[in-house]
Each structure stands twice: as C-alpha cells, then as structure tokens.
Amino acid sequence: MKQSIIKLVEQIKQERPLIHNITNQVVMNFTANGLYALGALPIMAHEKNEVKEIVAHADALVLNIGTLTTEILESMIVAGHAANKKGIPVVFDPVGVGVTTFRSHAAQRIMSEINLSLIRGNAAEISHLAGLRATARGVDASEVLDGPSIIKQSTQKLNVPILMTGKVDYIANQEILYQVSNGSELLTKVTGAGCLLSSIAGAFLAVSESCILAVVAAVSYFTIAAEKAAEKTSFPGQFQIELLDALSSITEADIIDRLCLEKVGE
Amino acid sequence: MKQSIIKLVEQIKQERPLIHNITNQVVMNFTANGLYALGALPIMAHEKNEVKEIVAHADALVLNIGTLTTEILESMIVAGHAANKKGIPVVFDPVGVGVTTFRSHAAQRIMSEINLSLIRGNAAEISHLAGLRATARGVDASEVLDGPSIIKQSTQKLNVPILMTGKVDYIANQEILYQVSNGSELLTKVTGAGCLLSSIAGAFLAVSESCILAVVAAVSYFTIAAEKAAEKTSFPGQFQIELLDALSSITEADIIDRLCLEKVGE
Amino acid sequence: MKQSIIKLVEQIKQERPLIHNITNQVVMNFTANGLYALGALPIMAHEKNEVKEIVAHADALVLNIGTLTTEILESMIVAGHAANKKGIPVVFDPVGVGVTTFRSHAAQRIMSEINLSLIRGNAAEISHLAGLRATARGVDASEVLDGPSIIKQSTQKLNVPILMTGKVDYIANQEILYQVSNGSELLTKVTGAGCLLSSIAGAFLAVSESCILAVVAAVSYFTIAAEKAAEKTSFPGQFQIELLDALSSITEADIIDRLCLEKVGE
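Protein chains in written order, with this note's numbering: chain A, 156 to 421; chain B, 156 to 421; chain C, 156 to 421.
Next up, chain A with everything else stripped away, as it sits in the complex:
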C-alpha cells in the first residue's frame, strides 16, 4: 500500500492535475495554496455561465457548501453534471449540513442529481447525510455510535465512498474500511483544514484508477504533513504556514516511516 501511495504522489507532481473548486469564501486562499504545495493546480470559479467550460479543462471537481448561496448551488449543479458527463471525479464536502434547512436541501439535491466519487465530512455531517438516528428521540448518531459503525451504515445508505475525518480518519466504500491514525490536534485549531483535505482528495482521485487507494493516499499524505508541521510549532498561526511547507516536502521516507494505516473491516 505504501508503495502505491508514493506512486500516486509522484503522479500528482508529474501530471499536475487541475482541480476545480467551487468552495467557500473562508478557505479559498488556503485551499489554493495547499493544492499548489502538493503539486496540483487549483482553479476557483463559480459563475454559472463558465463552470461548464472550467470543468472541460479540469481533472477533478470539488463542491464545498461552507458559504453556499442560492446562485452558487445552481453553479454546482451545472458543474457537477458536466463533470459526470466528462467522467472526472467529483468530491462533495457538506460543511455544516444539518445546521440549516437550506444546507440540508442543498446537500440532498447535490446527492440526488450528481454522481459523487467521494463525500468528505466529520461524524455529525456524515450521520446527518445518511439520516442516521441513534435513538427514537433523534439524538445525533455521532454522539452514540463509534466511527466504524457510522461510516459503515452511511456507505450502505448513501452508496458513495466516504472519508469521515476526526481524531481518527476513516475511509470506506460498501466493501472495505480503512483507518488512518496520523494527524495533529492543531488541525482543529485552524479554519479550512478539512476543506483543504477534500480538495487534496480530489487531486489524488484525478490521478488514480482506484477510489479507495486515492483517498487513503490523500489522507495519509495530508495527515503526515500535519504531523510534521506540528513538530515545528504548537501554535495555530505558524501551524498553517508549516502545514503548507510540509505539504510541499513530504518524502517517500516520511510515508514509509510514519504512516499508521489499518484495514478495519471488509
């Protein structure tokens, strides 16, 4: 597995996939710089009249509803259809789904109209998308179920590969479940870390035949970079900078020495 991850990293640096992000305004700059650091090429564009043509140039599409508006939802639908028609991967990041009716409806629409390659969210977001209820009283499933249970039930219900991030990161489709235990708590102290990982997953999906391998590789690369960054600083401002620097300089040896990957179930 480690050799396959290293090969995908090499492919990104050589092929430089163009990642089209329709994402939230808070994280645009950080996402663009993170993709550059990895060796991919970012493009941000959300005008309805041009997203189809942007997709025509892109190698993957990432949809993130963090500061979604009615207009941008329409652009996402147009871009998503174009990406499906072209056959490039589409990653969906349902930021804050469940917090408002608008986001929940938007997420439902995206999931029903677009063929998604991957959904990336935290336990609460994934549970909400899958309609998991732990009890009759509607308590959030993420508070009573463990990670593997949530992601397994969710992939069954949603029929889409899922990356569920948290203290441990889980990657699953309907057949297989992996977990990655690298990373740093500092990832929760800065804005946009999860959003950046969604876009990085898009870059790995763009160069890989296997969805699960690509997502495992993306999580491995990103969380090992976070680990290295957290060895340089314990403060959130400097951590952002160190994370970008680490994303630009992870070596084969880093992956071989550090990766904590486990197959949890089949």
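Please keep in mind that the hints were generated in silico from the structure rather than gathered at the bench. Everything numeric in this text was worked out from a predicted model, so none of it was measured.
In this list, chains with the same sequence are indistinguishable; a pair is considered to hold if it fits within one copy or across any two.
Pairs of lysine to any residue residues, derived as SDA-like cross-links and limited to a Cα-Cα distance of at most 25 Å, are as follows:
(1) Lys240 - Arg264
(2) Lys168 - Val254
(3) Lys241 - Gly253
(4) Lys418 - Glu340
(5) Lys207 - His236
(6) Lys312 - Ile367
(7) Lys344 - Arg171
(8) Lys168 - Lys322
(9) Lys387 - Tyr191
(10) Lys203 - Glu229
(11) Lys162 - Lys344
(12) Lys322 - Thr406
(13) Lys157 - Arg171
Chain A is fixed; fit chains B and C onto it per the hints.
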C-alpha cells in the same frame, strides 16, 4: 477589573461561544482563525435563506459592511432581527461608512432596525455615524475633536455602547468611559485587525452579563496579544502569524503585568 | 532609471495612494496585505451602487477577473468609466482569459469600453487577448513565439501598455520594451503573486507621470522583494510571509545592487 477579564477569557475557552459573522471577503479567513485562536468558534454564512437558522445556533452575531452588497445587507437585517428576538449580542462594524452613500444608508438602516450591543469603528467612522460636525463647513470631527469628546458625544447621540479604536482605544456607554493604551502600530499595517477585534468583542459579549466589562476585556486581550506579537517581529507578514499565535496563548500573567486600562470619565 | 525607481517608491510611502481593487476572492487578503506592506492603501469594493463613489476617493483602479461573476462585471464597467472620467490609472488583469467564453467576452468588453493604462498577464493570457495565432491550426502563440515577439505584437494590436510576467518579465508600449530578470520560482508556487503585482503596478502608476517607468518600477520592486524572500526560505508557506515582509522593507541599496533591468528594443 483584571480578575474579571481573566474570568471571561477562561469562560470563552470553556464555553466556546459560536460567533456568526456576516463579514467582508477580505478578512473572513483571518477572522475565523483569530476566533479559533481565542478559543471561540467561528461561523461565516450570509445566504438570506439560512442566516435565521445560523443565528439560532449562535451565541453572538457580528455585522461588518466591508464588502457589502445589496443582497448581503438583506441577510444582515434578517439575521439581526433573529438575534434580537433570541437575545444574543449584535456587534456592528461600520467599515468605511461615510465613504459612499450606499454604506451610509446601509449603516442607518442597520442602526434603525437592529438593536445593537456594540458599535466598533475608528474615529472617522464613529463621527460619521453620530453625525458629528466639528465646524459649519463639515470638516470631519475626527480631525478636530479628541477621542474622549468624540466617543462621549457619539454614545449620547447613538445610545449604543461604542468601541472606538486608534492609537488609544476607547470604550464607552452613556455613563462610563474607559481607555486601553496597549497595542502596536503594526496593527495598522495589516488588513483586518479591527474587523477581527469586532468579532472578538462578539465572543466576549457572548459570555458576559456586563457589556462594558466584556468590551474592555476584548480590547485588553487583543491589544496585549498584539503587543506580544510585535515583540517577536517588526514586519507585517510575520506579525499576522504572531498575532494569531499570541491570541492562542495569552496568560493571566500577561494581563496582570501588561494591561494599561484607565477609567477616563463617568 | 534606478534613481527614478527609488524616487517613486519614496513617493508611494509618502503619498499613500488608495488603490481600489475589484478582484477575485482567492487573493483579496493577500493583495490588501501586499499593498499595505508597500505603503499604499487598499480598498476592496464591488457593489455596483457604490463603486463610482469608491473611485472618487481612489488614486488607481485594478480590475481582476479571477472569480468574475455577471454582477461584478457590471460593477467593473461602472468603476472603469468613473476612473476614466476622473483620469486615474486603470490596470486590467485578465486572469484565465481564453479558458472560458465568459472570461473572453468579459475581457473584450472591458478592453472596448474602458481606457486601460496597463494590462498585466502571462504569455498565454496576453496572446489570447491580442488574438495571436502562431499557426493556422490555432496553436497557442505562447508556445511557439518568444516573449519579446508576443509582447511587441500584442502592444501593436491592443494599443495598451503591457506587463507580461513569466520567468522574465517584459514591459512594453508601442515604442519601447524592457525586461526585468529578477524574481524567484517560488512566485509560481503560491496563489495570487501575479494578482498582487497588478495591484502594486496600480500603486506605482498612481504616483507617476510615466507609465513605462511606473511599471518597470513596480516589477523591479516586486521581483527584488521575491528574490530576498526566497533567500530566507525555499518553502511556499513561509515564502508568502517573507514576501510580505520583504515588500515592507526593500531599501535603496537593494534596488541599486540587485536590479537586472535591460532595454530590449525600441
């Protein structure tokens, strides 16, 4: 006073208030990271169809007109009404008011329709809001009046607590006036420092019964962080990073040793 | 030439020109901080109802189509007309022109309706704007022509001074052509470097009578800052910070010792 400030800081770190920011596109990332560094939780959302529900989850609302559009003004009004109904604090940051008719009208509408907990601006913005004219020829009051005079007259006219930032920061309601003399000139060399302080004031207001104490605490915490950051670097790029790091690590001792707070009038 | 550049830098720091940017959402923060670092004052505003009044306060206008929407294009046209009427410089940065019909039409409209002081783009963007075709099969001219040929042909066709950035930066009008060979490859590893240079060119144009001198000065200042920043770090995250710091601290000696400026043709 120092002990009360320290207690509020502790409360923020424990209660982690959720601060809903409808703010300008330039400072969204910096504001979100600054709130995280403090220990609060940021959410940025401006779609009219969801802001009411976002407010339902929030502990304070911050309205900043830096890159205001007609649509976002409508969202601010909806969110402001919801915040008033729920009883959470609303901070208004009138960026650039007076520069255009659009901003001046927007500010008037926000002030007349929303019950504000605090207005945060510089002397020119506050003078404009309060309609202060120093002379018959309409010279900007901020050029001829001193800080205490401007803020006292403005709180009388506007009947809202005010935080007026500058070389010295003034905090006042109709009864009392404080000044804080901490800070660094580097705050004027980076974008979004004032905007971040407005959001940090929202976080302190969210955990305090007393408005004036909360705002004094916010200014104290923020300007002491700036002072510490400026001891690490004299350059603006690194200063942004150091400011975030300092916001995450101010100690009781920092507040006790450094705070330059003075009651100026009653 | 070096003394004239130094004099313009001094003028920016003293006159503090206000640069009105209607720019893309990815780079707003970096652009604002870069202008502050230089000593200029940034303002970002794109609401159609206020851009005319913003221009009334501004010393230069910068139009950047990186995340353009239909609405913001209208604001650009209004702002551009106001800037022309007032007689302040207008810089156009045609990000990604040629990638979509929407951007190409937008660029055509801006070029036909607004009197531009400068166009800043890479070789592909400039070639597209000028309609250069290297062969009958429509191969991108930037792949077969050298830099001096592209910029010379483009200034003839477009009749606007051009700054064409790349490994070497070219500055030309219909009479004269300069090249600057300073800079760093790290400029291509972070987002928004070119966009920031466009805004910095706006600042130099705001304080200069001579367009070509102003643009040569802007490129010299910016690329020498990049060179100094790249001496401090070889990583992209830290490079952004070092670039801002260098922009705030370039000295006379830096310009005299480092500038690689050459007159290529007349």
